[in-house]
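Enquirer: The lines below spell out each chain.
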Amino acid sequence: MIEYALYFAFACFGIGQLFCLYRVVFAPGVGDRVLALDTMSINMIALIALFGILHDTTMYFEIMMLFALVGFVSTVAYAKFLLRGDVIE
Amino acid sequence: MEFYAELLISAMLVLAGFFGFVGSFGLVKLPDQMTRLHGPTKAATLGVGGVLIASLLWFAFFGDHYSWHELLIALFLFLTAPITGLMIAKVNMHLTWSPDELPHCGEDKHWATFGNSAERSLMDSTAEDGKDERDHHE
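Here the protein sequences come in this chain order: A and B.
With UniProt numbering, letter number 38 in the first sequence gets 38, and the count goes up by one each step, no holes.
With UniProt numbering, letter number 20 in the second sequence gets 20, and the count goes up by one each step, no holes.
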């Protein structure tokens, strides 16, 4: 039972990742592009967590943590750059 | 007991996958820059939280030992999602609204992103196009 649920979740997040990729390439504004990149990093965390369940290993925890931290910091840095013309003033 | 644990984890995975899909689909489907913020910052965050809780339960029931690692990541994501939403909303306002349109911020100063200390952003040249787009949506 859990395999099918896993594959369903894999498909959902994979298609979501493709939607985000579409939005990164064909974005109407630069804010949408930043948002789509942030969503890609969030979806990637979910995919890695699902991969960890599938292979029954806790090895991927640090990778998820790094994705969360770097995704957040890069999004805020990009937004700050667009707002103020500089990242660290 | 094991059956119910599997049922719980499967239900959480399916729900989380659905919410993650809706969050990413909203990014493509919704019509407006500001409405497009809603999908990823709310639905996708809930989806990822669901997957992480399901992973936590899986390792608690079927793994060698249980840990609270995944809860840490879920908590971090739930804390940071509103902040990214706020920052991107400010970017959208900065790029598509002119300073006169913004609501008064209650003090004698103007908004910090348009103040004297703010350097001219590289993207300011597109402000006029964005304004037209926003008028069109209204």
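Misleading hints may appear alongside valid ones.
What the hints assert, rightly or not - Pairwise CB distance ranges (calculated):
{"hint": "1", "chain 1": "B", "residue 1": "Tyr-4", "chain 2": "A", "residue 2": "Ser-74", "range": "16 to 22 angstroms"}
{"hint": "2", "chain 1": "B", "residue 1": "Gly-106", "chain 2": "A", "residue 2": "Met-65", "range": "50 to 56 angstroms"}
{"hint": "3", "chain 1": "A", "residue 1": "Leu-54", "chain 2": "B", "residue 2": "Met-1", "range": "36 to 42 angstroms"}
{"hint": "4", "chain 1": "A", "residue 1": "Val-25", "chain 2": "B", "residue 2": "Tyr-4", "range": "30 to 36 angstroms"}
{"hint": "5", "chain 1": "B", "residue 1": "Gly-63", "chain 2": "A", "residue 2": "Asp-86", "range": "17 to 23 angstroms"}
{"hint": "6", "chain 1": "B", "residue 1": "Pro-99", "chain 2": "A", "residue 2": "Thr-57", "range": "50 to 56 angstroms"}
{"hint": "7", "chain 1": "B", "residue 1": "Asp-100", "chain 2": "A", "residue 2": "Thr-57", "range": "55 to 61 angstroms"}
{"hint": "8", "chain 1": "A", "residue 1": "Leu-54", "chain 2": "B", "residue 2": "Pro-99", "range": "48 to 54 angstroms"}
{"hint": "9", "chain 1": "A", "residue 1": "Leu-66", "chain 2": "B", "residue 2": "His-38", "range": "25 to 31 angstroms"}
Bear in mind the hints are in silico, worked out from the structure with no lab data behind them.
Ideal Cβ positions, reconstructed from N, Cα and C, are used throughout, including at glycine.
Enquirer: Look at each hint and say if it fits the structure.
Expert: Here is how each hint holds up against the structure:
1. Roughly 41 angstroms separates the CB atoms of Tyr-4(B) and Ser-74(A), a value that falls outside the hinted 16 to 22 angstroms.
2. A hinted range of 50 to 56 angstroms is violated for the C-beta pair Gly-106(B) and Met-65(A), which are about 39 angstroms apart.
3. Distance hint check for Leu-54(A) and Met-1(B): the Cβ-Cβ separation is about 23 angstroms, which falls outside the suggested range of 36 to 42 angstroms.
4. About 44 angstroms separates the C-beta atoms of Val-25(A) and Tyr-4(B), a value inconsistent with the hinted range of 30 to 36 angstroms.
5. Our hint of 17 to 23 angstroms for Gly-63(B) and Asp-86(A) is violated, since their Cβ atoms are close to 46 angstroms apart.
6. At about 53 angstroms, the CB distance of Pro-99(B) to Thr-57(A) agrees with the hint of 50 to 56 angstroms.
7. At roughly 57 angstroms, the beta-carbon separation of Asp-100(B) and Thr-57(A) lies within the given 55 to 61 angstroms, and the hint holds.
8. The hinted window of 48 to 54 angstroms between Leu-54(A) and Pro-99(B) holds, with their beta carbons roughly 52 angstroms apart.
9. Remark: the range hint 25 to 31 angstroms for Leu-66(A) to His-38(B) is upheld by a beta-carbon distance near 27 angstroms.
This entry does not satisfy hints 1, 2, 3, 4 and 5, going by the numbered hints stated previously.
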